[in-house]
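Visitor: Top to bottom, those sequences are chains Y and W.
Residues in the first sequence are numbered from 581 upward in steps of one, following the numbering used here.
Residues in the second sequence are numbered from 2 upward in steps of one, following the numbering used here.
Keep in mind that the hints were calculated from the coordinates and are not lab data.
Just so we're clear, the structure is a prediction, and the values are computed from it rather than from any experiment.
Idealized CB from N, CA, C, for every residue including glycine.
Hints may be right or wrong, so weigh each one.
Among the chain W residues that face chain Y by a calculated CB cut under 10 Å, a handful are [as the list claims (entries may be wrong)]:
#1 His24
#2 Ser42
#3 Ile45
#4 Gly61
#5 Ile67
#6 Ile157
#7 Gly241
#8 Gly242
Covered by chain Y, per the in silico footprint, the following chain W stretches (three or more residues, Cβ under 8 Å) [claimed, not checked]:
#9 12-22
#10 46-54
#11 68-80
#12 91-97
#13 118-132
#14 271-279
Straight-line alpha carbon distances no greater than 25 Å define the calculated SDA-like cross-link-like pairs of lysine to any residue that follow [unchecked claim]:
#15 Y:Lys611 to Y:Thr596
#16 W:Lys110 to W:Ser16
#17 Y:Lys682 to W:Asn121
#18 Y:Lys749 to W:Ser16
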Amino acid sequence: MKEIICRMFDDRTEITMEYRLSTPFTKEDIKDLKAGDKVYLSGTIYTARDAAHKRMQESLDNGDPLPFDVNGNVIYYMGPSPARPGHPIGSAGPTTAGRMDKYTPKLLDLGLLGMLGKGKRSPEVHYAIIRNGAVYFAAIGGAGALLSKCIKNSEILAYEDLGTEAIRKLTVEDLPCIVAIDPEGNDIYN
Amino acid sequence: MIREINVSEVSNAISDMCINANHFLSDDMKKALYDACDSESSPIGKDILSQLKENLDIAGNDMIPICQDTGMAVIFLEIGQDIHFVGGDLNDAVNEGVRRGYTDGYLRKSVVNDPIIRENTGDNTPAIIHETIVPGDKLKITLAPKGFGSENMSRIFMLKPAQGIEGVKEAILTAVKDAGPNACPPMVVGVGIGGDFEKCALLAKKALTREALSHSDIPWVKDLETEILKEINKTGLGPGGLGGSTTALAVNIETYPTHIAGLPVAVNICCHVNRHVTQVL
């Protein structure tokens, strides 16, 4: 679900928008997002980084189900530091998304609609984003303490042996990010 | 006079340093970030820099690591030649310090045992240890936990002597531009010039542990540090790679004599969380 918070104007031209977006979402919810728009994400999102992507790919190759339904969901490329007692999670900022590029188009074709990370993506990921009407968000790299405040709950869902690289199910509230690649393929880094 | 140091003192110091470095940025880095926030011209850049300042406050107040990538522990030991270590193996003691610091400090364990098999060692060991022998009876420990978002964007260039200082400038700018948003700008750029292949890379790493607002004593190196920083900030990459005038906070360059046939240049890139602490035992 999407809600408009504010519109920003540069002279007479609308330049960026601010939205509140909750997960899971539909292609319809995100079709108007434009590269550069600010989004506050709320709801359930799933962490997966290098090693978890490799395992998910192996599951798909073997015809096994994935640990969670990617349909309409968001993957956060993130491996947290351990939680101190009384906290849901430790430091929790984005990792470089480009390392997951090899695995991403397949997941997008399976219905994944959102990714949250930092940095540039490959042409193949751009094509898969356009083909599937998906979106790639960027959060501030190196702001792990700040971003941890938006994470209200965290539980390990799969691959516990991978430590920080396990798949976690997170409940997030108003996690600030920027649309880095919109469903039309416009890219804020270009 | 031989001075004895029990290696358990080394473990204790390193354990504390791991926790300290990952929660509190050194004053030089903090000042560089605060200054950048004041001078940044783009609104989005300023917004990101002020969030990074807020991030530092939260990290220190709530003891949450500044960045979730609490790094691989890079440790420089300058060992006075009059020291005799007792109580065990020095390298084991260093790793014990890292193990304890990363476990007790709730820091992320980011090390895998083998580059291809890739099983997490579970305690962030082994550390990367660089030892040098120096005169005296003191042990100087410098710890620099290094994140890999920026480490992955580091480069080495084996230039020809004829390429000279212009070639060096081009190499540094190429590395920074290629690093782009992946390296979590604003970055700190550590550069090694000279030596051979591995010496040059080590100089670049060492340069990152120098104070962010300091300069080389060598006049041409100081000038190059100033000029390249300006050039990097003209690229417009900006905080987070989303545009602005703060792409790098500092460029630190270290040099060493080299071979008549060579001009090695290593560029070790670090993000704004350029952690380094030093303690003398």
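Visitor: Taking the hints in turn, state whether each one holds.
Guide: Hints, verified against the model:
no.	hint	verdict
1	His24	holds, 9 Å
2	Ser42	violated, 15 Å
3	Ile45	holds, 8 Å
4	Gly61	holds, 9 Å
5	Ile67	holds, 6 Å
6	Ile157	violated, 20 Å
7	Gly241	holds, 6 Å
8	Gly242	holds, 6 Å
9	12-22	violated (count 0)
10	46-54	holds (count 3)
11	68-80	holds (count 4)
12	91-97	violated (count 0)
13	118-132	holds (count 3)
14	271-279	holds (count 3)
15	Y:Lys611 to Y:Thr596	holds, 15 Å
16	W:Lys110 to W:Ser16	holds, 14 Å
17	Y:Lys682 to W:Asn121	holds, 22 Å
18	Y:Lys749 to W:Ser16	violated, 31 Å
Hint compliance for this structure: hints 2, 6, 9, 12 and 18 are not met, and every other hint is.
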